[in-house]
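**Q** Sequence:
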Amino acid sequence: MEYIAEPKNPYQVSLQETVTDVLDYWDSRRGNLFAPNWGQFKLDELPPQAVPWCSVLDVKHEPLDFVFRFWGSGRAQVLGQEVTGKSLTSVVDSNIAKSTFDQNVMTMEQRVPLFFDTVAAPEYGDKVSYGVLRLPLSSDGTNVDKIFTISFNPDVRDQLHSVFGTVPAFGLSGPKKLDEN
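Mapping the sequence shown onto the working numbering, position 56 (from 1) lands on 56, and the numbers just tick up by one.
The set of hints was computed from the structure by calculation and includes no laboratory data.
Note that beta-carbon positions come from the ideal geometry of N, C-alpha and C, so glycine has one too.
Keep in mind that the hints are not guaranteed to be accurate.
Derived DEER-like restraints, expressed as beta-carbon distance ranges [said to hold, decoys possible]:
hint	residue 1	residue 2	range
1	Val156	Gly39	27 to 35 angstroms
2	Leu43	Leu64	20 to 28 angstroms
3	Asn32	Ser129	29 to 37 angstroms
4	Glu109	Val13	29 to 37 angstroms
5	His61	Asp158	36 to 44 angstroms
Let the hints inform the model, and build the full structure from the sequences given.
**A** Dropping the structure here:
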């Protein structure tokens, strides 16, 4: 799968209202710092429709890696897996993992919110365009130690299921790949 993500300043692009609400909340929590800390940024204070489409990654050093602290249920359905507690590089298609890894490094190094205008182009099927907002979090006011992500794209949810080969799961058994019985 071809996977392209172009970074943009989220304050200069048109965002879904729910994503704008999350960005505004992040801004309100950081005060004079470049980013709020995890204790100030509370998932239960976000718009309820946003939380299933969010994730939080812990930044690990030596070697650099990102580990999922939280993985929303909507994301689990689309990608067909629950990844809380797992390393980013161990959970998704290699092109997506590399792009996502690079996006998180960019967010960590630049220490600013970044919006990634993303295109996923499967080998077979139509391209899907969607947005991903990444927000740095810092416990010491200097270094990024967590990255909050929201990928709220209700208008292309069905297409994303198609790209990732998953179908929505409404029962207790969780998400399924299209080729599962």
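**Q** For each hint, tell me whether it holds in the structure or not.
**A** Against the structure, the hints:
At roughly 33 angstroms, the beta-carbon separation of valine 156 and glycine 39 lies within the given 27 to 35 angstroms, and the hint holds. Taken as a hint, the range 20 to 28 angstroms holds for the pair leucine 43 and leucine 64, whose Cβ atoms sit roughly 25 angstroms apart. Between asparagine 32 and serine 129 the Cβ separation comes to about 36 angstroms, which falls inside the hinted range of 29 to 37 angstroms. Between glutamate 109 and valine 13 the C-beta distance comes to about 21 angstroms, which lies outside the given range of 29 to 37 angstroms.
Here the CB-CB span from histidine 61 to aspartate 158 is close to 39 angstroms, well matched to the stated 36 to 44 angstroms.
Consistency note: the structure conflicts with earlier hint 4 alone.
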